[in-house]
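Peer 1: Line by line, the protein sequences give chains V and G.
The opening position of the first sequence corresponds to residue 1 in the numbering used here, with each subsequent residue numbered one higher.
The opening position of the second sequence corresponds to residue 1 in the numbering used here, with each subsequent residue numbered one higher.
Since the hints were made in silico from the structure, they are not lab data.
Not one of these hints is a red herring.
For chains that are exact copies, the list does not tell them apart, and a pair is met inside one copy or across any two.
Keeping only pairs whose Cα atoms sit at most 27 Å apart, straight-line, the calculated DSSO-like set for lysine-lysine is:
# : residue 1 : residue 2
1 : Lys151    : Lys123
2 : Lys66     : Lys151
3 : Lys123    : Lys66
There are 2 protein chains.
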Amino acid sequence: MLVVTALGGNALLERGEPLTAETQRANVRHAAEALAGIVRAGHDLVITHGNGPQVGLLALQGAAYKPDEAYPLDVLGAETEGMIGYMIEQELENILDHDRPVATLLTQVVVDGHDPAFARPTKFVGPVYDRDEAETRAQAAGWSIAPDGDKWRRVVPSPRPVEIPDLRVLQLLLDQGVIVICTGGGGIPVVRRADGGLVGIEAVIDKDAASALLARQLGADALLMLTDVDGVYRGFGTDGAERLERLTAAEARALELPEGSMAPKVRAACEFAESGGLAGIGRLQDAVAILEGRGGTQIRPDT
Amino acid sequence: MLVVTALGGNALLERGEPLTAETQRANVRHAAEALAGIVRAGHDLVITHGNGPQVGLLALQGAAYKPDEAYPLDVLGAETEGMIGYMIEQELENILDHDRPVATLLTQVVVDGHDPAFARPTKFVGPVYDRDEAETRAQAAGWSIAPDGDKWRRVVPSPRPVEIPDLRVLQLLLDQGVIVICTGGGGIPVVRRADGGLVGIEAVIDKDAASALLARQLGADALLMLTDVDGVYRGFGTDGAERLERLTAAEARALELPEGSMAPKVRAACEFAESGGLAGIGRLQDAVAILEGRGGTQIRPDT
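Isolated chain V, as found in the complex (with noise of 0.2 Å):
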């Protein structure tokens, strides 16, 4: 099977913990263990990852050292991909013993420059601030912000995303028998022009569906949008809390569900299921048993 496995940013760093090279490496470490699995049970695999964390760091570094020549949001997802895909790469490599080529490859992704959500952007984007604050910094970097609970952060557009240009390297890539990592932080974000050719945005692209429109692209036989919770819950926080093992899109679909993390993983998962693919949600380590109907949720195709 091809599967494609989106790593959330909950996956790569435990929420709370400091985002020090060290720390990110040791979690990378645990997830490469993971991805190992998949690929020692014969499968084909394409890893996608998370950015939040790392994006809003890079931004209060560029923030800190000098405010009025911060680089955009496009560029730092750039620096991001190539950060993670190292981290990621390197220590599939060595578990794996060498044995299988793991490439890292930059991925743009393109996105409709009259998408509603650029008229509303609603993805908050690095640290909390007092109201004051945040308004100040607002009118100097010409930032929207919106408030997070009793404090107020920087929001950006996260608009759907609509073509993967370097669809046809990636398959290349793995038509050889590559690992590829590809298309973090939901891609590069970018809009075509006129003429048709490219241009970064400001904005910050959903990671799992950019990851649900890959696995579609390349004819995924799975897609897993793995995480720090084991699946997904029926009156999840409650006690009467249920984990749902297999759904179909249409029951996905009529669940509700906190929007914050786990709506829009449910979300792509349909839309890969609706496409004929199996789509599965749970933790990093169940990962193959995912795969099996042995762990977290599966979302099928209805029948």
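Got chain V; can you put chain G on it based on the hints?
Peer 2: Below, chain G without anything else, positioned relative to chain V:
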């Protein structure tokens, strides 16, 4: 012909220019036009690039935010491969009207952990300081420092590149007609552990040396090192300065050259010419002319 083209730091950023995203992009666009000329002349193309100013900037940004959580040079190098690779890929694809696939591949380059360079760091990274400040920072961060003119700077080891593990993936892409951007900044510096695994190390690999190794191992026909000087000169900076149009490797080895920027290029060119290829040194905009012997300096195998 298969042409490996190494873009010097000075080809991507004019001396003294600010390192903003806009400035870099404008310079990359200019470089991409020259690279497109090589493709239009009918050649296959691999692009490498320097990262000196960029890796220095990322180190400064990190230090400005949280100095005690500064990232090591392998991770920073991976970030610059993402950032610079993205800009080159996008600009080149746009100029080529998306007719030819262009891919950016993260590249680790192995050095010998016993390389004498580790005992004698010589490569300047980051900004200049007064001696007192340099010593304070060196003590806090475990840097080596050295005088640069009447100021002081951090110095890091610059070991010789010995192996490029990603070569087989790179070859797969070239076999399919893909233009590949790789080995940015001389590659992400790694050493082999006793068990064969790879691990990052605090070093900076000379881009020209890594590009020559890459060109040899790929069996490339030509290696072009592009900079802001129009060739190799006898008596550079004197009244009788004379550009040398053609040299054998032996003639080039006999030249006395300033160690700063031209000497490593000529050494790398000689290594490649001695393995049977055509090496060229000159300005970005003369890339095709250098290949055709109408500009820059050609260094050819000894006959």
